[in-house]
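Enquirer: The residues making up each chain are set out below.
2 protein chains.
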Amino acid sequence: MDQLLFWLVPAASVLALCFAGYFHREMMKESEGTPQMIRIAAAVRKGAMSYLKQQYKIVGWVFFGLVILFSIMAYGFGVQNPWVPVAFLTGGFFSGLSGFLGMKTATYASARTANAARTSLNAGLRVAFRSGAVMGLVVVGLGLLDISFWYLLLNAVIPEDVLTPTHKLCIITTTMLTFGMGASTQALFARVGGGIYTKAADVGADLVGKVEAGIPEDDPRNPATIADNVGDNVGDVAGMGADLYESYCGSILATAALGAAAFIHSGDTLMQFKAVIAPMLIAAVGILLSIIGIFSVRTKENAKMKDLLNSLALGTNLSSVLIVVAAFFILWLLKLDNWAWIACSVVVGLVVGIVIGRSTEYYTSQSYRPTQKLSESGKTGPATVIISGIGLGMLSTAIPVVAVVAGIIASYLFASGFDFSNVGLGLYGIGIAAVGMLSTLGITLATDAYGPIADNAGGNAEMSGLGEAVRKRTDALDSLGNTTAATGKGFAIGSAALTGLALLASYIEEIRIGLTRLGTTEIHAGGQTIPVQDATFFDFMHHYDVTLMNPKVLSGMFIGSMMAFLFCGLTMNAVGRAASHMVDEVRRQFREIKGILTGEAEPDYERCVAISTKGAQREMVIPSLIAIVAPILTGLVFGVPGVLGLLIGGLSSGFVLAIFMANAGGAWDNAKKYVEEGNFGGKGGETHKATVVGDTVGDPFKDTSGPSLNILIKLMSMVAIVMAGLTVAWSLF
Amino acid sequence: MDQLLFWLVPAASVLALCFAGYFHREMMKESEGTPQMIRIAAAVRKGAMSYLKQQYKIVGWVFFGLVILFSIMAYGFGVQNPWVPVAFLTGGFFSGLSGFLGMKTATYASARTANAARTSLNAGLRVAFRSGAVMGLVVVGLGLLDISFWYLLLNAVIPEDVLTPTHKLCIITTTMLTFGMGASTQALFARVGGGIYTKAADVGADLVGKVEAGIPEDDPRNPATIADNVGDNVGDVAGMGADLYESYCGSILATAALGAAAFIHSGDTLMQFKAVIAPMLIAAVGILLSIIGIFSVRTKENAKMKDLLNSLALGTNLSSVLIVVAAFFILWLLKLDNWAWIACSVVVGLVVGIVIGRSTEYYTSQSYRPTQKLSESGKTGPATVIISGIGLGMLSTAIPVVAVVAGIIASYLFASGFDFSNVGLGLYGIGIAAVGMLSTLGITLATDAYGPIADNAGGNAEMSGLGEAVRKRTDALDSLGNTTAATGKGFAIGSAALTGLALLASYIEEIRIGLTRLGTTEIHAGGQTIPVQDATFFDFMHHYDVTLMNPKVLSGMFIGSMMAFLFCGLTMNAVGRAASHMVDEVRRQFREIKGILTGEAEPDYERCVAISTKGAQREMVIPSLIAIVAPILTGLVFGVPGVLGLLIGGLSSGFVLAIFMANAGGAWDNAKKYVEEGNFGGKGGETHKATVVGDTVGDPFKDTSGPSLNILIKLMSMVAIVMAGLTVAWSLF
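Chains as they are written, first to last, in my numbering: chain A, 34 to 766; chain B, 34 to 766.
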């Protein structure tokens, strides 16, 4: 019975891919519009694909290097799990594939959305949203496919009698976890590179076009406008997709590993198996409910803006409510010990996600006081806009942190049966909460990927001169996308934090495997000698003295906090540099190509695309390498306590910093919009100019540095997990 | 012999106060200049004193409330050390007194400095620097006096036979530590209130005066100019003084407490006594060397700018070199176990301070590439200045963090005899490093307090119309002061971090006392039962499970990181709000009082002073309360593990955030100066306008929020220490 239940997982993944294909085919049937629209869409598509090709080339080299390193460690020195080199590759491949498919769909969808918007708002929404759903379903489908594949493979090849019966699942799950490292590495380059690309183009286009030349956004006379549209695709679609692919797989795999570990002593292989497949089943059911949610997003013809928002909210809310019911049902069906309370942990994750999303909305939407006051601060110039925006962003960290802390404690207590000392099950509960938050990723990611498609549709409409009425419809779709994007960002950060915590716990499991591989059979904790195979989390903490008074832990924590800032600083500067190249190029074209501003000559779009591509490629290397190297180096110098300090310092600082940056950036964006809506002097006034400065500063905050921190948090844990064997084998102190 | 050595401590403190009095009298003998100069100085003095009076009133109420709370806890419920209510009061009193004396001196010195500058640059430097030295010597003098007083008192009243012989010194030192809470609370209001005051006036004056009306800084036509000068005194003199008074006392007391704890088991009361007085002796010797250093700051008549810098550097460097020699000598004389290596820990502290100072200089001085490139980014407008400045500030966190980490590890290893498991002595070494960094505070604080005096002298010269030549000299003095201020800020942050770590360790000692007071005699660690009196740091960590996998620790850390951001956000917003009131008032005066801009009518300076005062008073309450309440609340909910998580999360995030803010702010300030020196179009050009925006944003970064974080770091630890009894008596989970 329970073995049968597992088959739900690959079945759901195939179902997701089928529906993705269906939505893709439906979208392709739509007309792409006028020849001009087709031409523009083709230019954006070409730019996006050529960027992705370049990026995959660099990523390919990095993967090549890492696979060699892992192979040497695994087959040469025996300090590495022998499956890692292969698992690493598949994780990277599937993550890259989902980014590629999602982005390809998005670039085909933008002109079709604009064209559909010529008929009605509702038609536009339908095309854009269902195209976004392709991305959402591809991510969850490929994620669960990869998980199913590895589970079935390892289950078949690892002998039943490895150590004790309960050890087999531990080995399977910790091995699977390492394929997350591939997804992490891929996501790193997608988020950082994509983030730099999109903001270099955006900032460059705004600074010269809007501020200096005084032409509107997406105006075809601006040479950087195609690059800007390409950026939306590579940053917001491909980057976001890779990020959440990683969170999705990471949380499921980490929770499975924690489930296996929690039952290692009990000898109860059946219950252990149930704990391992529970997160996969929740995710599988989540796919079904996401598809239902996606289909429920439909409104009557001639729908108003408010109807659209309601129908989008209906889809996500429906999925969320259903997953609560389904979680209780599936865990009851599974008859997992303590199933009702574990289902409550799923609810905790969902609630935390919703609270973070709502708080993001409150702090960044112009419908609420904080952003309105931010607009008002523009009356005294750009400096006060920046000061107030930074203040707002910092204050906005309080609610999400309290939500996450409450979520950690609640899900831990629920799963552990209200017993703090039951660490194994408690941590499993935190993992389950992360899985709960991400279970309906299919639809939440659809609402996310919908944003840049609508944005691009607006750009296409503007450049093709489709007229006021159509542009107004695409603007409405775009504005709707901004709301969903802000919520999506809070969601991505929240899930990164919970996934990071679950990965942290899995790190200890990898330490156990690493010690075993080295032939260490015993550890010492509290004056007692304990077999490695039987040691608890608590024993490992004592053996390595991972307490807050250990200077190695403290050092790791300082470095971890610093890493978050360093990583942000590097990406901020990267955007600054790449944008200044863009500014120079746009100014040059305005100067040298006569007749651009009068519309008589066409600007050289491709050159701007090439500049953004080159800038992103060059600038993403250093921050990426630092993120990979830091945990390795810390491990070599300070050992296990240092690594744990690094991860937790990076996690706590990075989480708070990420929320600060995302919310400050979002609020600046909407403060400008609020002024443009006619407040405080409206468009073109002094207050507007001041808020445009805020918006430009906010661009790299919310779309480059902030989101890249999600990756940093998870990637450092993944690197630590994969390198655990090396860390236990050697460290300086 | 060793008992005699102790008398060096009160002797040095009296000596410091004598020299402070001497320098003050010398300064008062100078002429205050023309009637106009006297009038302006009197206005600034009056504003500053009336602000301080207001502030002390509010602080008085807070102290009243806290003393009642402590008394109830101590005499009513017995969960508090009975000496705390009194010790708390003296700490607050002496801290307030040193702020008052230092600021009073500074306000008398500014006109005299301007007047001396009419003779020569050297004469101006002499008056300003020696007046700054009054502040430096008052702080160290009163600090050591308070320490000596309490040590002698408690030594006399606590019976020899309390528990075991080695317990007496433990009780004395941990009791003394709590007087730091008084200093912390006083410092909190001084830093936060002063920081808000000074930047509200500065930002307000700049936004309307410089940007809108186009009149220069310190122009007498600007109604906010007196308030701006008052702000320099209340923020940079009184605030900085209270901050470092706290670090100074905190580091000495925490190290003494760690020294007493390290020898609790040995039963060797003599060695324990030596470990307790060692930090006090190093500080005492540091006073002598500071005085020597202060006297060495003198140059030949008609000295050039470079000579001035060199002679100032000579003073501080001389003191630093001498303290190294003296530390080895005094520890050898004391014959403290392992004395040579412990002296090396002193050196570590000095070196960390110098590295942080140098790195601050590199990242914020316009003589180096980072700030020059920041100026250049102004060519593309204010948005790129902000982006680049934030990037620069974030990158600049790397070196200080690496320096502190290296310092932690080195001083720990030196003092512990290269044995990581010797936690007691290792932590003592970290404390000794903090004491080493602060040992020459007398002179480093003198170079710091010198800055605002020179700044005010320049303001006085401008407003009194002393002419180009004098103004040029005061500008040179001011510019020198900016360099020393930047270094001083790095120093204040670095010492706060090390002091914070030492306080953290002392917290555990307070837990021991708290448990004893409750009648708990045993704790459980690693399956064993250990008498509370004999438990090591390690045992306490295990008893409370203060490991990184405990969700209470993790929750505390998330809250700690968030606290740093929340506190910054509140103070940033406070400045924004207070500054906007100032802007409204200045605009109103320009509009309503005819003839201000032509110089025919005098603006209403007092009204602006009153606005800044009221703004600061109102705005400092909420951030201050949050800083005090957070550790108490966390303790009540999550107990000891939560509090330790909170402190360390706040320490690591707060330290990095403070450096980011201080350096970004400093770099923006100097990037503007670099443009004003004639680069990138010079004063009045577009690039200059862009960098002025950066400078305005940087003001609250470097003078309000950044420095306030130093206090947050230390205060949260102090509150935790004082509330330890309550935390062990009751917590929710």
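Derived by calculation from the structure, the hints in this document are not laboratory data. Please note: incorrect hints may appear among the correct ones.
Identical chains share a label here; the pair holds if one copy fits it or two copies do between them.
Under the rule of at most 30 Å between Cα atoms (straight-line distance), these lysine-lysine pairs were calculated in the BS3-like manner [said to hold, decoys possible]: (1) K337 - K647; (2) K90 - K339; (3) K627 - K243; (4) K706 - K243.
What you are looking at is a predicted structure, and each value in this text was computed from that prediction instead of being measured.
Enquirer: Give a verdict on every hint.
Expert: Consistency of the hints with the structure:
1. K337 - K647: neither (42 Å within a copy, 49 Å between copies)
2. K90 - K339: neither (44 Å within a copy, 53 Å between copies)
3. K627 - K243: within (19 Å within a copy, 39 Å between copies)
4. K706 - K243: both (14 Å within a copy, 29 Å between copies)
Comparing the model with each earlier hint shows violations of hints 1 and 2; every other hint is respected.
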